[in-house]
Structures are given as structure tokens and as C-alpha cells.
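Chains as they are written, first to last, in the working numbering: chain A, 1 to 254; chain B, 1 to 295; chain C, 1 to 940.
Simulated from the structure, these hints should not be mistaken for laboratory data. Hints may contain errors.
Stated by the list, open to error - Computed, partial: chain A to chain C, Cβ under 8 Å:
1. LYS32
2. ALA169
3. LEU187
4. TRP241
We treat Cβ as the ideally placed atom computed from N, Cα and C, and that holds for glycine.
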Amino acid sequence: MTELPNSTDRKMGLVIDLDTCVGCHACVISCKGWNTENYGAPLSDQNPYGGDPSGTFLNRVHSYEVQPEQGHAQLIHFPKSCLHCEDAPCVTVCPTGASYKRVEDGIVLVNEDHCIGCGLCAWSCPYGARELDLAEGVMKKCTLCVDRIYNENLPEVDRIPSCVRTCPAGARHFGDLGDPDSDVSKLVAERGGMDLMPELGTKPVNKYLPPRPKDTIEEEIDILAPLLAPVAEEPQGFMGWLDKALDKLPGGAN
Amino acid sequence: MHPAPSVIIFTTLSGLGFGLLFFLGIGQPAVTGTVAFVFYAIAFGLACGGLLASTFHLGHPERAWRALTQWKSSWLSREGVCAVGALIVMGLYALGAVFMDSHWTLLGWIGAALSLATVFTTSMIYTQLKTIPRWNMELTPAVFLSFSLAGGALLAGAEAVAPWLLAIAGAVQLAYWAKGDKALETSGTNLGTATGLGDRGAVRAFEPPHTGSNYLLREFVHVVGRKHAQKLRMIAFTLGFVLPLLLILTPVQGLVIKHVFAALAVLSHLAGIAASRWLFFAQAEHVVGLYYGKR
Amino acid sequence: MTHQQPILDTSPKVSDEIRKTTCYMCACRCGINVHMKNGKVAYIEGNRDHPVNKGVLCAKGSAGIMQVNAPSRLKAPMLRTGPRGSGQFKEITWDEALAIAVGWLEPVRHEAPEQLAFFTGRDQSQSFTSFWAQSYGTPNYAAHGGFCSVNMATAGIYTMGGAFWEFGQPDWEHTKLFLLFGVAEDHDSNPIKMGIGKIKKRGARVIGVNPIRSGYNAIADDWVGITPGTDGLFILSMIHVLMKAGKIDLDYLSRYTNAPVLVNASEGPEKGLLMRDADGKMLVIDRNTGKLTPFDQPGVRPDLSAVYEKDGVTHRPVFHQMAERYLADEYAPEAVADKCGIPAKRIRAIAGELARVAFDEAFELDHEWTDFRGEKHTKMIGRPVAMHSMRGVSAHANGFQTCRALHVLQILLGTVEVPGGFRFKPPYPKPVEAHPTPHCKSTPDTPLDGPHLGFVRGPEHLALKEDGSPARIDKAFTWENPMSAHGLMHMVISNAHAGDPYKIDTLFMYMANMSWNSSMNTKGVMEMLTDKDENGDYKIPHIIYSDAYSSEMVAFADLILPDTTYLERHDCISLLDRPICEADAAADAIRWPVIEPDRDVRGFQTVLIQLANRMKLPGFTNEDRTAKWKDYADYIVNHERKPGIGPLSGFRGEDGSKTGRGEVNPEQLNQYIENGGFHVAHIPEGADYYKPWNTAYQDWAVGMGLYDSPQPYLFQLYVEPMRKFQLAAEGHGERQPPEHLRQRVKDVMDPLPIWYETDQQGNEGFTVNALTQRPMAMYHSWGTQNAWLRQLHGRNPLYVPTKLMRENNLQDGDWAKITSPHGEITVPVMEMAALNDNTVWTWNAIGKRKGAWALEEDAPEATKGFLLNHLIHELLPAKGDGMRWANSDPITGQAAWFDLKVKIEKAAAPSDMQESQPAFPAQESPVGTGPKELKWKVGK
Ligand SMILES: Nc1nc2c(c(=O)[nH]1)N[C@H]1C(S)=C(S)[C@@H](COP(=O)(O)OP(=O)(O)OC[C@H]3O[C@@H](n4cnc5c(=O)[nH]c(N)nc54)[C@H](O)[C@@H]3O)O[C@H]1N2
Ligand SMILES: Nc1nc2c(c(=O)[nH]1)N[C@H]1C(S)=C(S)[C@@H](COP(=O)(O)OP(=O)(O)OC[C@H]3O[C@@H](n4cnc5c(=O)[nH]c(N)nc54)[C@H](O)[C@@H]3O)O[C@H]1N2
Ligand code: SF4
Ligand code: SF4
Ligand code: SF4
Ligand code: SF4
Ligand code: SF4
Ligand SMILES: [Mo]
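Next up, chain A with everything else stripped away, as it sits in the complex:
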């Protein structure tokens, strides 16, 4: 099982739009809520009301500042969960076969009944997508909500990951990235979707849409300036202009 399948029928994954993510953490908590109650052991919290609270989460939202050579620094919110890599090192390192990649959709999962909690898969993941649950002693990771996306007990519209369903800004998209005609693939093509740490050869399925260019309005002043040409230099002149302009209104003198 620990061997990766040669290929998967589909490549289900997330596309995250860094141009729209406002960093609200809605996806983080929705994920925590769904996965605490559902797949496998609950996501536990240690010292939840104490001095050093910590707990297991499958999705976290970082934030980065980018200082371009010219202009203002930018702030970018950066959600991150398992990228369901095609060449998932976390699967091949697993000694027990607990970690596996599904053939039908490429989802990388942990079989909690087999996991010994050795942590090696987390060591091998460049993205920090796996967290060992301290209460249960097993490895936790994003399941791509495998217990939602095919769940016949849910209405069809809701057969999407919890984090996608909840994202208020619509910054998270879910679909088959193996199908070039899917909405997500088109979005990736259109917006130049990118891989994280491509040099590590993990071939992530999840893609990130880069922020659009920012702070360009001042450069547009040449186009906009003619719009702002004064109608008159003198305040008196303004009244003259006004009179003429009023005549031109619908129902006016001419």
C-alpha cells in the first residue's frame, strides 16, 4: 500500500486563490469542526484553557509580507493543508502502509488503525501538512474530506470539502486537476497557478493562484488625467459651465 499507484484516475485537489484570501481562518476552524467529529479520531487539543494551548489542525493560514523592489510592501494570506502530491514522499516513507494514496482520486490518507505514530511521514512532508495527534498517537492530515465528497447522506451541492464550502471569500476551489477541462484546471491555466517548492519534486496536486499585480493606479494617471481636466479655471466659470451642463440634461433646453 505504501507504494504509490502508478497513476490515479483523477487528481482531486484544491486551488487556493491568494488574490482573494482575506486570512479569516474560516477554513481552519471549519476543517477542525468537521474532522473532529468525522474521519478517524477527533482532532484533540492539549491544555486548551491553559498557558500553552495547542492542538491538531489539518489546515492553517499563514501570512507573509512581500517587499517588492518598488512600492509598498504587500501582505499575503496563505492557507496551507495537504497538497495531495502526486509523488508523495509521505506515502513511500511510511513503514506500515498506513499512509496511502488512493487510486481513484489521488487523495492521500492515513489509515489510523495501522498507523504506529512514528512521525516519519511528517518528516518527509515539506509543507507541514501532517500533524501527530497527541491524544490518539496517530498521524492526522487533510483527508480532502473524503467522507464528504462522495457522501450520499449529504445533498449534492454539499459534496465538497468543508473548508471550501465555508470559505466566505470564495478563495478555495475544489475539483479534478487531472482533467484539463475541469473548472479548476481552467482557473489554474488562466491565472498561472503555481506549485509550492517545485524543486522538491513532490508534484503537488493543489495549486496556488498568485496575487494579481498591486498598486498600479498611480501609473494609470496619464490615462485618467484627461478625465479630470477642469471645466473652468475660475469659480465664476464653473457656474457658467454648470448652466450649460444643466441645459444638456435630458429634458433640458436643447
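Once you've looked at the hints, dock chains B and C with the ligands against the given chain A.
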């Protein structure tokens, strides 16, 4: 990386244990009876103690047997298989030596090979991790193998090769440190590639995703002060290689003193290797730290 | 070899049942699906059918499960046993609690009802709580709006009969340019995110005006890192540029605003008032005839340009005054650039883009409509520029005028209530005239003479006693802040403590953490609450407080009335209050007990009814002295404000078939529950824009019970009531301002927007602006008890711009001493580059007092977290004459949180400095602390 005592103990002890088994397997020394019993007891004690220690950090040690199943892809599984193989083969071989006064040479050689293979597979668990550039180098297996052989030779009292092996291990250690210090930089992975934002400007981690701590930070983010690390390296190198060399090369009179010196050399080596292992883990930068603005 | 993998159940059972109700992890009022397993809450998700959130949910909303199970929940009524502030209580029964409360309240009502001050926080039952207070007879009632965003509410209502907050919204479907001023999160949390996401998808441009580039501003296409307090100047400068270029919507201005209305120029008590006919209708000159005529006559084309000469006096229209003022060079971009910290070129570019999108990208919807003059229009013209603003503009002492300027900008561009622009949500639009005026006449054993809060039209509506002294404990509606439409909750404790304007007997508060994050000068407030007079009695004799959790404020009360959590009670999110409407629908909602409380707690509204019943308050009692309602649910269904109009507008009439107006329906709550906890009534097409002037909308609104008769009106670019205050200050009329306020009233009550410096006296040497922002994943103080949310924001560094970090030799994690004219705090700092160079900020309300919220005493919130509130005083430093003026907007009394100026110095190294300063001794926790580990799972 968080320098977990269990892994430090495991890699230190089992490396030494399998090193000794290797020498015993190739008949160095070719002991039998009670003497053999003592030797094998030490070797198995170290190797098994190490393996046992390694299960301490498991969430579910009772399922540890499952770790033997994925030898086709997993170095950790292969390590398990090799270790079990080495222990069984060398166990049989030891039975022969202790109780039957016989050396089944072929079995010994197979056991020796499996012992070395165990050390090698252990090293590959770390070497394979592209996420930790400091480990992801050919020098990593060299470190594990050379340390194991040097330690084994010391314990086995293989006077002829021990100094050479110690010297080689020391040299490998220095090379490993020198190259390792540059590994993250030269790996090409940085916050720019981690976020994909690198071509827009200088990227800096701003607010962390949570003010509380988490598994990743505890496991992967560990910063050792430069000065502290330098000092520890001196200690590790001195205790691990210099002192043992001096101790075994110092000409002494009398078997007792000689044995005392050899024992001291072994203890010193053990302490040095433990220190080196602590550094091996504590200084290893996991790329996930980049996401947190840490290394 | 074939790939092997475990067989997985991909269709596990999700829940036994879904109960649909309304979220209350904040005041946004999203609809939620509460998934139940074994009778317990298993998972909370957004309700897709709900008009507010359409399925999405924020972090707080999803974390509701940790809130209803929080260890900090109060368990039973409590009576204080230790000194105030200690947190020592004993639990008592409800019977005892109600008897004690009535024992305090009833004598006060018989003797001097104003000695009860009843103030509520961000609850959503203000129409009910005010009804209670009115029945009781005290003038001293308000909710939290005064320290929150009253500038926005009043500026919006006086100018255009509707405001930002959650009372209006951009036309997200059509807008192409969205300007956001001073918003970090706002009440419309999810709708704003959904809207921004939607318009970004369309490629529309978002411009964020904010000293801090986080959250919405981080994803804005252009960021304007303005100097705090200068938005007014920036906006007026854009008005200058646009007017000068003639890029204004003259047709819109002449038809729908008071720009063409003539201003009386004759010297005397009418000077500056709008000219009116005998019926009080505003007069314009009809461009068709050149004659003076009431503005609303059929066929009239109000002239923006023509003047009216009479008796040698030239009366000019409002628009003339605007041109004269805003075309002046003082508003040129070059003149304001330095003050605002925005290059002149940028100001011009943004103004240019506004003009381009408003006029060059104008579009039409084929919706027919008829305006109030009877003119039929075949199309609706869309100007796809929308703006929104909140506390960044509001929480400054010039916020009212700045917000007015913003509305004037919107109106000049013709983008209010048009496709693509800013749209009101019912019950708005609603002109000032349709709002009540304030009432303050209290008589023993008698209800108040009318509603407490309202909109003054002139000095005659001030809440003053015969002798001119303030009638209200918070001094709302006085010369200090004439238009304080929401009261001044932040002044209640300090006035009551000082006995100024008078002493009170009982302070009754609900859902407001007044001894901590909602007060300025927190330490001072704690002292006032515990201060004793010469007899050793507390200066504020009785404090009753209702909270659901063990907050900081609990420790300072004498009697605690513990509330339920939001999933355990009935609530009513009513059209009479802060409903869940959208721009094209009137909607309201309920909460209902989806779980039963496991503690001895009661919904506060029900407790108010029980208190009223014990006191037999008039509004709550039938002729035969029996109680009208037994609990809040009973009230929601059976109370009628006017015949046929009650708290809920849906499912009225005997069989639930009527909407808006209709008889009481005993099954109403069940029908709401069946419908998902809410009710929506859509505005018909053609009535959905131009609402203030659209007869179809007006008729629909009357049918819904929003108005009694159509209320078309003009937007008030020129606010006449303000001029009335100026006239008083100029010596006209009976009610005169006290001498020390005369000049200020003249200056600030300008009927056309102005900008003035908010820099406070005593600020010399304090040069850095200090702000707070709401974290999206945390609601004020409530979030901290939440095991999931507090992992995200468990402490709050002070974010310092790169330049100030360098200048002060600071590095991330260092500690700094921050001083204001009022106080000093020592806190950890962190660098932020995307920040105005002269501004520091932190997350609001993360800091906690030790012992509160069932947290352990070493909780990072209490050791590393901090409040900026210690640096902010409710009064400004003394002026030359020894007077201390309120730290508030002089027009509305809005607390000026964001006028704070500080200085920074590096403090001792972290190793010496373990705790943020000031640190307070722990309060005892009446509920203990929480468990050491959580493994939450209610299924299986
Ligand atoms: N998640 C969450 N949501 C909430 C709340 C919460 O606590 N948490 N609280 C609710 C309440 S009670 C309220 S009142 C609303 C308030 O919602 P917001 O109006 O968003 O209030 P603040 O978070 O105070 O944000 C004020 C913003 O104004 C900016 N600012 C400060 N001064 C200036 C200035 O001079 N000019 C400009 N242009 N910007 C300025 C600040 O940088 C900050 O971004 O949010 C409500 N929604
Ligand atoms: N420095 C600074 N200070 C500020 C602001 C700022 O921007 N900067 N913003 C100000 C603004 S706009 C506001 S609105 C205030 C908000 O300040 P507060 O109104 O004090 O808000 P909360 O902290 O949410 O406290 C409300 C109280 O209600 C309690 N509560 C929660 N749920 C329930 C319930 O269901 N029933 C009952 N009975 N009680 C409940 C909570 O436990 C808490 O004690 O803070 C103000 N303070
Ligand atoms: S919910 Fe959406 S907007 Fe919020 S942090 Fe997650 S991805 Fe970003
Ligand atoms: S992101 Fe990490 S855990 Fe997920 S598949 Fe890739 S390597 Fe494995
Ligand atoms: S922690 Fe579990 S899933 Fe990860 S490598 Fe170990 S056994 Fe496999
Ligand atoms: S897909 Fe599901 S498991 Fe993965 S991050 Fe989203 S909510 Fe969490
Ligand atoms: S914004 Fe969040 S907390 Fe507020 S009501 Fe909506 S879901 Fe609940
Ligand atoms: Mo507020």
C-alpha cells in the same frame, strides 16, 4: 529538528551494537563460550536496546510489527526487516559460538552483512528526506556506517583497524559538518520557493497561523545557538574520536590497564557519538520551518 | 501487482438531525445548520438558503460548538460575597435573584426612576430592552452604539436616510470599483467577504483606504496607507477634483438631493435654513419656468444654478455653497497630500478612476419605475462605484463630518441607490423625519414619555432638564454632543461615579464587558466601580449584570443574572431592530433553543419579562393586572407594536399567510423554524433601486409595515438641523449653549461637511498613531474562552512599522514601553512593513484579566496579551481653563478610540520582562477552569 532522546539513544546504541555484531560476524574476535557470551550480550544489548528505545516515540508501539511490511518502498521498513534479519542470523551464529563452540562462517558473513545493512538502512531513513537538506547528502550514510564500524571495532578490540576506522569516521564527521552547514542554502529551497512568491520581492513571514504552538513547531523547529553548537562539536569530536584514538594508541603495560583504557575509549566514543547525534538532529533544518519564518 | 488500499466508508452518517437557527458568535446574524447527534451539537455549518451568508460561515461561527460547551459558562444566579472585583460569589436561586433585583428596582421606580441606568451591549433585542426601560420609566437607557459607530449611523441617516454598518451594502452584482475606508471586519463580516470575492472574480477593482494593510486591505488592488484621522481631507480633496472637472451627476443631484434647494440668506434667525413654503416644503427654482416652487411637484426640474432674489437679498441653492467651498484651493490634492500622507498624484488618480468608472462605465437596467414626482423612467442608470466604511472613519472625533463627506462624495457621483452603487437594506431608506426624537421625561411610577433615543432636529430636542442640565446620566443629547443618537455608554460609569449630572442607585448592564475591553481607561473604571463614599458604601450602590460567561465584568457586579448561550434560547432578529435584510429583501430571523441548557440559567429577555411582571410594569401588564407574557417567546409572538405589526414580520395572520402586517399567529415560531429560522420578503423588480424616490418601493414598504405612509425624501447634502444648532450658538432661539461650548458648536455643526484636526490637546511629544483592529477569527472578549479560536489569537503583539522598529532599535519579540498622555503599557512588539510609517496597532480585546473566562492564570492572554484601552481616557487632558472635554466626537459623542497618540521606547529584555504591563491581580473564577485535554466527539 527536535532532538528527541529516544532517537538519539536509538541511533547511538544500535549503531554501536550492529557495528560490534558486524565484527563478530566476520570473526573478529573469533570468541566462543563465556567470552563470546559476554561479547554477544553487549552487542545484542546495544542493538536491541536501541531498537527498543526507538519504539518509545511511537504513538502505537503495540502495532510496531506492521512496520516490517513495507520494505518495498520504505527505508524505515527495510531497516526493521534488516534489523530483525541481522538479529536472527547473528543470534543463530551466536548460539553456535557460545554453546557449540563453532563458527558457522557463512552465517557469520551473512549476519555481518545484515548488520551493516541495518546501519545503512537506518542512515537512509534520514538521507532520503529532501525536506532536511542537512541529511539529504551522501555523507549521511558515510557518517552512520563509519561511526558504526569505528565503534564496532573499538568494542571488538580490533586493534589493527580500530585506529584507522576512528580516523576515517572523524574525517567523515568533519566533512559532514562542513557540508551540512551549507546544505540548506545550496538546496535552493527558501521562503520564496516555499510560497511561490519569491519572484515578487523579498518574502518575510508575518503573523504565524496560530499563537499557540503545534506538533510541527515542536518537532521540526529547533534552534541551536551558534556558539553552543561550536562548543558541542568540539566536545563531540574530542570524545568521539580524538580521545579514543589517544587511549588506544597510548602504549600501556599490563592487561588490566589496557582493558581499562579500552573501556574508557569505548565510553568516550559513546559519549562523543551521542553528542554528535544530538547535533545531527538538533541542527537539522526542516524546510517546514521556512513557513514559520524559522529555520 | 494491483494497488491495495483499505475499503473506506465514504458515506458515513452525518447527523441525526439538522436544526436551523441563527449564529451569534458575532452580530452578523448568519444562518446556521446545527447538526445534532445523540441530542448534542456535532457540527455547525452555514445555511445555504440564508440571505445573509448563503452557506458560508466564518471561523467564529464554526467554533460555536466550543462556545456552547465553554467551561466559562455561568451556571446559576450569583450574589457577591467578597468585595467588588474579587470574583467571590455564592450561587442563589432564581427566585432569590429576582426578588433581590426587584427589591432594588421597585423603590427606585417609585421615587426617582432616573436612578436606574440600564445599558446593554451588542445585543440584538434593543427594541425589546428599550421597551422595558421605557415602561420602567428611566430616561437612562441606551445600547453600545455610542462607543461603537454612532458617527456612521447618524451621518448616514441625516445625510441620506440610511447608513453603512450592516444597514446597507454595495451592489455586489454590478459594482466595478469598490472603495473601502477604515474597515477591518465590520458587522457584515461574511457578506463583505462574499462580496469582495464576487467582485474580484469579475475583475473589479478594490481600493483599500487604511493605515494598515491587512485583511481586506491586503487583497485590495490598491492600498492607500492614509494618516489616521485625515480621511475627511482626502475625500474633500477628491470632491474638489471631481467638481472642478465637472465629473458629478447633475441630473441625480437636481432630482434627488437638496443641492437645488434654496438657502435663506437673510440675516436673522432663519439665516442658513432651507427656504420652505407654508406647508414646510423645501423650495427650489424650476428650470422650466424659472419660478420658485416646492421641490416635489410633478414636472419640476429643480435648478442647481439659479438664484432667487428677494428684498435685495440673493438666496442661493445649496449647490452654490458647495461649489464655493469645495472648489477652493485648500482642498487641492497638493494642499492636502502631506497631511494625509498620500501623494497628490495618487489622490488625482483615484478621483480619476472614480470618474471613469462612474461615468464611462455607466450602464442601464431595463427596469421601469416611477418617481415621487410622478415621472416614469424606462431605465435605471447604473454607476458601478460602491463605497463602504466603518470605524476607521467613525472612531475619530471628526468622524461624523468625515462620514458625511464620504456620503456627499457618493451622492455627487450619483452612486447611492442606483445599480452598481451603494444600496440600503430595509427598513432603510428612512429619512430623519421618520425617526423618533429623543425622550427623557421621567415621572415616578410612570413610563417614559416616549422612546429614549432618536434624531434631534434642533436644540428643542436636546435632553435637557428645565435648568439646562443634562437629563440623562450619559449626557447624551446635550450641547456637548447634540446628535448622540445612540447615547454614550462609555460615559455612564464615570458620570455615575462622579455623581455628574446626578447620582444613581442601580446600574443594570447586559452583555457588555465594561470593566475591561469596552471601556476607555480600564484601570480607572475598575477603581470607579469599587470606589466607596465617606460612609464606606459603594459610590454606585447596586450593580446588576447579565452575562453568559465568566467575564471580567462579572467580578464587579453585586448580582449576576446568568444568561443562556445562543443555542439555548429564543431571540428575535427583528425588522424593528437590526434585522437580516438584504438590499432586495426584507428579512428577519429567530434563534430557538436547539439544545436545552444544562445549567440553572435563563434567557435574559425572559428574565426582563419576569422582572417586569413582578413589578407589574405597565407595558407588560394587562388591564386586569395579569402578565401579558410569560417569557420572551411569548412576547415575540404576541406583542404588537402597532396593530398587526410585531417583532417578526413573517408568517403573520391567523394561518401564517401574511407578511409584514397581520394578526398574531400562535404558530409563528414553529413556522420560522420550519423555514430555517428566518423569513424573507423580496422587493419586487423595479422597486429595488432608487428606493427613496421610487413609488413602487414606497408602496411595498408601507405594505410591509415599514412606514405608515410613503416617505419619499431628498438626500441632505446640506443638513439643516445642524444649522439650527449653529444659529443657537450665534445667539438665536431660547435654548442657548453654555458659553464654553458656544464657539465649538459654531465650528463643528457645519451643515456642509468640513474637516478638522483631531489631534488632542496635551499630545505634545506623542507623535505616533495607535490603533486597534478586530481579528476576523475572534469576537471582542468572547472568543478567548473558545478552545479553538484562542489557539489562533492567544496573544497580541504591538505591530510597529519598519521605520519605527529601526529608529527604536527594536526586533521581533522585544518589549517596548508605550506611553500616551494618559498612561503607560509595556508590551511585546513585532515588525510590520505593510503599515503606515507613523502608526502602530494591535488586535482588539485579546488581553484578558487573570482569572477571567475560566482560563488558567498563566494564559498568554493574561500574561502577554494586553489592551490598548489603558492608554485611552474618556476625558481629554485638561485645557488651559482646567476643563476636561470628553474624548468624543463633539457632534455625536462617538468615542474617539482612534485619536490615540503615543510614544515608543524599547523596554527591558524579554528575560527580565515576563508579563505585559499593567498586570492586575487575578479575580477569583466563579466557574473554575477548563479541562486539560479536549477530544471532542459526540457521535458513537
Ligand atoms: N471578527 C469580528 N468581527 C466583528 C467584531 C469583532 O470583535 N470581531 N466586532 C464587531 C463590532 S462591535 C464592530 S463595531 C465592527 C467594527 O468593524 P471595523 O469597522 O472593521 O472595526 P475595527 O476592527 O476597529 O477596524 C477599524 C479599521 O479602521 C482602520 N483605521 C483606523 N483609523 C483610521 C483612519 O483614520 N482612516 C482609515 N481609513 N482607517 C482607519 C484600522 O486600521 C482598522 O482597519 O466589527 C464587528 N465585527
Ligand atoms: N481599544 C479599543 N477598545 C474598544 C474598541 C476598539 O476598537 N478599540 N471597540 C469598541 C467597540 S466598537 C465595542 S462594540 C466594544 C465591545 O465591547 P463589549 O461590548 O464589552 O464586547 P464583548 O467583549 O464582546 O463583551 C460583551 C459581554 O457579553 C457577554 N456575552 C456574550 N454572549 C452573551 C450572551 O449570550 N448573553 C449575555 N448576557 N452576555 C453575553 C460576554 O461574555 C462579554 O462579557 O469594545 C469597544 N472597545
Ligand atoms: S476561509 Fe477562505 S478567505 Fe478565509 S482564510 Fe480560508 S481560504 Fe482564506
Ligand atoms: S503535502 Fe505532504 S502530506 Fe500531503 S501528499 Fe504532499 S508530502 Fe504528503
Ligand atoms: S506516522 Fe503513521 S502514517 Fe506516518 S509514517 Fe508512521 S506509520 Fe505511517
Ligand atoms: S479538504 Fe477537508 S480535511 Fe482538507 S483542509 Fe479542507 S476541510 Fe480540512
Ligand atoms: S460572521 Fe461568523 S460569527 Fe458572525 S454571525 Fe456570521 S458566522 Fe456567526
Ligand atoms: Mo462595536
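**Study point:** Those earlier numbered hints the structure runs against, lowest number first
**Key:** Of the numbered hints, just 3 does not hold.
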